[in-house]
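Enquirer: Could you build the full structure based on these sequences and the hints that come with them?
Chains A and B, in that order, give the protein sequences.
Heads up, the first sequence is in the numbering used here, so the first residue is 1 and it goes up one at a time.
Heads up, the second sequence is in the numbering used here, so the first residue is 278 and it goes up one at a time.
For the record, the hints were derived by calculation from the structure and aren't laboratory data.
Just to be clear, a hint being listed does not mean it is correct.
[Claimed, not checked] If the Cβ cut is set under 10 Å, some of the chain A residues that face chain B in the computed set are: (1) L161; (2) Q163; (3) A168; (4) N179; (5) S239.
Glycine residues also receive a C-beta, built at the ideal position from the N, C-alpha and C atoms.
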Amino acid sequence: MKRATTDPWLARYAFIGILVVFVVIFLLFPVSVVLYEALKGGLGFYFSALTATHSLTAIRLTLLVAVAVVPLNTLFGVCAAWAITHFRFCGKALLISLIEIPLWVSPVIGGLVFALIFGQKGWLGPWLDAHHIQILFAYPGIVLATAFVTFPFVARGLIPLMQAQGSAEEEAALTLGANGWQLFWRVTFPKIKWGILYGMILCNARAMGEFGAVSVVAGSVDDRITMPLQIEQYYLDFSLPDAFALASLLLLLSVVTLVIKIGLEWRHLAPNYVRPH
Amino acid sequence: MSVTVHNVSKRFEAFPALKDVSLEVQTGELLALLGPSGSGKTTLLRVIAGLEIPDAGQVTFAGEDVTEKSAYERRAGFVFQSYALFQHMTVFENIAFGLRVLPKKKRPDAAAIAKRVGELLGLIQLEGYEKRLPAQLSGGQRQRVALARALAIEPRVLLLDEPFGALDARVRKDLRRWLREFHDRTHLTSLFVTHDQDEAFELADRVVIFNEGRIQQIGLPAELRHHPTNDFVRAFLEV
Numbered sequence: 001m002k003r004a005t006t007d008p009w010l011a012r013y014a015f016i017g018i019l020v021v022f023v024v025i026f027l028l029f030p031v032s033v034v035l036y037e038a039l040k041g042g043l044g045f046y047f048s049a050l051t052a053t054h055s056l057t058a059i060r061l062t063l064l065v066a067v068a069v070v071p072l073n074t075l076f077g078v079c080a081a082w083a084i085t086h087f088r089f090c091g092k093a094l095l096i097s098l099i100e101i102p103l104w105v106s107p108v109i110g111g112l113v114f115a116l117i118f119g120q121k122g123w124l125g126p127w128l129d130a131h132h133i134q135i136l137f138a139y140p141g142i143v144l145a146t147a148f149v150t151f152p153f154v155a156r157g158l159i160p161l162m163q164a165q166g167s168a169e170e171e172a173a174l175t176l177g178a179n180g181w182q183l184f185w186r187v188t189f190p191k192i193k194w195g196i197l198y199g200m201i202l203c204n205a206r207a208m209g210e211f212g213a214v215s216v217v218a219g220s221v222d223d224r225i226t227m228p229l230q231i232e233q234y235y236l237d238f239s240l241p242d243a244f245a246l247a248s249l250l251l252l253l254s255v256v257t258l259v260i261k262i263g264l265e266w267r268h269l270a271p272n273y274v275r276p277h
Numbered sequence: 278m279s280v281t282v283h284n285v286s287k288r289f290e291a292f293p294a295l296k297d298v299s300l301e302v303q304t305g306e307l308l309a310l311l312g313p314s315g316s317g318k319t320t321l322l323r324v325i326a327g328l329e330i331p332d333a334g335q336v337t338f339a340g341e342d343v344t345e346k347s348a349y350e351r352r353a354g355f356v357f358q359s360y361a362l363f364q365h366m367t368v369f370e371n372i373a374f375g376l377r378v379l380p381k382k383k384r385p386d387a388a389a390i391a392k393r394v395g396e397l398l399g400l401i402q403l404e405g406y407e408k409r410l411p412a413q414l415s416g417g418q419r420q421r422v423a424l425a426r427a428l429a430i431e432p433r434v435l436l437l438d439e440p441f442g443a444l445d446a447r448v449r450k451d452l453r454r455w456l457r458e459f460h461d462r463t464h465l466t467s468l469f470v471t472h473d474q475d476e477a478f479e480l481a482d483r484v485v486i487f488n489e490g491r492i493q494q495i496g497l498p499a500e501l502r503h504h505p506t507n508d509f510v511r512a513f514l515e516v
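Expert: Structure (structure tokens):
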């Protein structure tokens, strides 16, 4: 039977065809080029490119940044989602929108803000200089800029999840004599732990891949740049194989993130999902 | 234990949910709060439990002022309309929750908790269900688990919000009878909210009629039927 909403087969295939062409040109092709170029010189060359001093320091710095930023934004995200879903206060809708600022603002601006605050001619620059504290062009600056960019990731996922769950179970726990700590760990946390993990995975992927904000605050000194910046550096120095080798690592990170993300979504969205014992 | 409410008012933004409400619940009484939806009866129950802070007024438990005490200090047994069972915990863990969160000095050991939960499962006639999750129970069974969970902490007062609201007629009748028998045995001071006057009149010792945030009349079922004091009560009870 033909329904009114059924498009003619020609239109259907045309749309699907266009979609496939776009996915191939814009997603699959670049990804395969990265992998091809990275491995072109053979595995031996690939691993030597990855273990080159520049690559190793960039990988190390990127990991150190993620290790600081992900817990920081997880803590913030859980606190924000808790406050927004459990307390009544005015300006709540505005606050939810404000949390999302880093998603709409160009990351470069995020970086510039920190440059303005901590730079030599910035508000706190002279004071920091006098006390020999370096924030800009150093690890703290990179962490701050990355934290800015990845600020909403955990909160944004948790707020709708916790709003949907409501506060009924928390209220029940209160009347049963649970204090705030017991209430969070015994009642709220088990309900949101997968949501937290989901946000952390996305936050981590973004933190490791961030270029714009970090490029403003990172140093030009070699040991002060992260993986994405080092890839650019290799590219500018015409060391394309090294650039592709390092890029393939970031790509691997994306694939792992995607797999975990799909896994978590499948667990979350599966109807009548019951925790196995 | 007696519960009193003195001149309690509560607004939600512009909406006045309770206007200068005073009420005394005597020890061992089973009291119904009856009224149309939005009349403030659930808000009053939540104020008594400590889940809402009143804008003005006072709540006392056995003469002690508990207005400033939080819900977890008051430990009033509360049965929620939607049961609010902990979805990720088994029936056993749900019922044991109030015992497990006790301060270390007062917390019973594992054997004592198991014994207490076993007794409560017997009371609600759900022996053998301890390993089930709430999602694997029927509405009536969930309701009884919610009741057992509230009773596990040996509350001095039991508060029930539309306890039979979401159940089908047959299960509702059975549970109603069960609750009345339970109350006759234990004489636990209890308040329940309902919009169903048959339920209120059949179950309660005294009925409080609510409308627009105010108590309209308090009395024995027969008094209310025969001597309604105002037009609202008369119209609401259709006498």
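Enquirer: Hint by hint, note whether the structure agrees.
Expert: Status of the hints after comparison with the structure:
no., hint, result
1, L161, "violated, 13 Å"
2, Q163, "violated, 16 Å"
3, A168, "holds, 4 Å"
4, N179, "holds, 6 Å"
5, S239, "violated, 52 Å"
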